[in-house]
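Number of protein chains: 6
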Amino acid sequence: MKISGRNFIPGKIVEIKEGATTAHVRVAIAGGTILTASITNEAVEELGLKLGESVHALIKASDVMIAVGD
Amino acid sequence: MKISGRNFIPGKIVEIKEGATTAHVRVAIAGGTILTASITNEAVEELGLKLGESVHALIKASDVMIAVGD
Amino acid sequence: MKISGRNFIPGKIVEIKEGATTAHVRVAIAGGTILTASITNEAVEELGLKLGESVHALIKASDVMIAVGD
Amino acid sequence: MKISGRNFIPGKIVEIKEGATTAHVRVAIAGGTILTASITNEAVEELGLKLGESVHALIKASDVMIAVGD
Amino acid sequence: MKISGRNFIPGKIVEIKEGATTAHVRVAIAGGTILTASITNEAVEELGLKLGESVHALIKASDVMIAVGD
Amino acid sequence: MKISGRNFIPGKIVEIKEGATTAHVRVAIAGGTILTASITNEAVEELGLKLGESVHALIKASDVMIAVGD
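Chains as they are written, first to last, in the numbering used here: chain W, 1 to 70; chain A, 101 to 170; chain S, 201 to 270; chain L, 301 to 370; chain B, 401 to 470; chain C, 501 to 570.
No lab work stands behind these hints: they were computed from the structure.
Possibly wrong hints are sitting among the right ones.
[Unchecked claim] Selected chain C positions facing chain L (Cβ under 8 Å, derived; list incomplete): (1) 513; (2) 514; (3) 570.
[As the list claims (entries may be wrong)] Calculated pairs, DSS-like style, for lysine-lysine (alpha carbon to alpha carbon, straight line, at most 25 Å): (4) 17(W) / 502(C); (5) 317(L) / 402(B); (6) 117(A) / 517(C); (7) 302(L) / 412(B).
Here a beta-carbon is modelled for each residue, glycine too, at the ideal position from N, C-alpha and C.
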């Protein structure tokens, strides 16, 4: 499968926290940055996400902003 | 200023392409990944974005998906 | 590849209109509805999208609203 | 009321699951696809959403991606 | 029609700029803030948007961030 | 820090409701409108958000729709 979404960032899952309906999955990427993805609990279960697993974060280009300065 | 958005990824601008109203800004991040941000031309101009500039990509956690496998 | 995004809707491409940086791709789905996806020109080209091609529209659950009444 | 959002997909509600703050509403659309909308509990209550109710899923064009292949 | 999206902000259109596919519509709201909406040219035309028209900006709660400080 | 996101709306926090993973923060803006932001509990805590605090709602232009009529 190929996706029009432009941003695939490789990393490893370092935390999975399921809430009542919404889960937060943290992914360590190159350079020491930790990303947070807010997805459905159902997606966590259907994909069988596990700590330490290699995944990609996928982000549509129209959802990326640019920040400059501190 | 601090922002609730959870994902700040440091990088350098490697391409700026302005369209009629919408610009694509590419940012090289650690690990060799190039991100694409689709933002307004006006933001490019107001922030004075330049090739080679150090910036952060900012992404809200609810806009991040997880992809597994190839 | 499997994606955490919950909504995959099968259909056929009925129109591709590239702008300066942003393209609109229309996809006819079951029931006579035509969806519009606003994606980058680059994605149209990299995926080699063509009229009549069978594709899926992919939408993250947090981007779906519910409308009631007229 | 008319909305600039381009994608209105008719369907019927087949599941409503409220979490602590976020609800998942599933909508059966033509062709046998079930959509998932992640919305606030408050919206579920204010709109009085009910199982079996005819609704539309509403999605902004910039939130639709295209996937090709398997 | 009622929409699950939580944020309706009343205002008046003060600028419409159509690009090749994407339009920027600016809406003056209470307190002197000018909002920018990036929507399709097609939506501008189908809704017949005009300068000075009273409209609402509609934003899903999951698309709102909070910023503190300067 | 400057952000490419085009929409900063000043207001005061009037309610914070944390769920299992996702919080709803309500912000009163000029003209009597109350906005709802759905953000992570972690952001609420890291930013130390408090009732009555002056903040800005930040929204990317591509996440703003236009609604006309009733």
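Tell me the hint numbers this structure goes against, listed in increasing order.
Result: hints 1, 2, 4 and 6 break, sorted rising.
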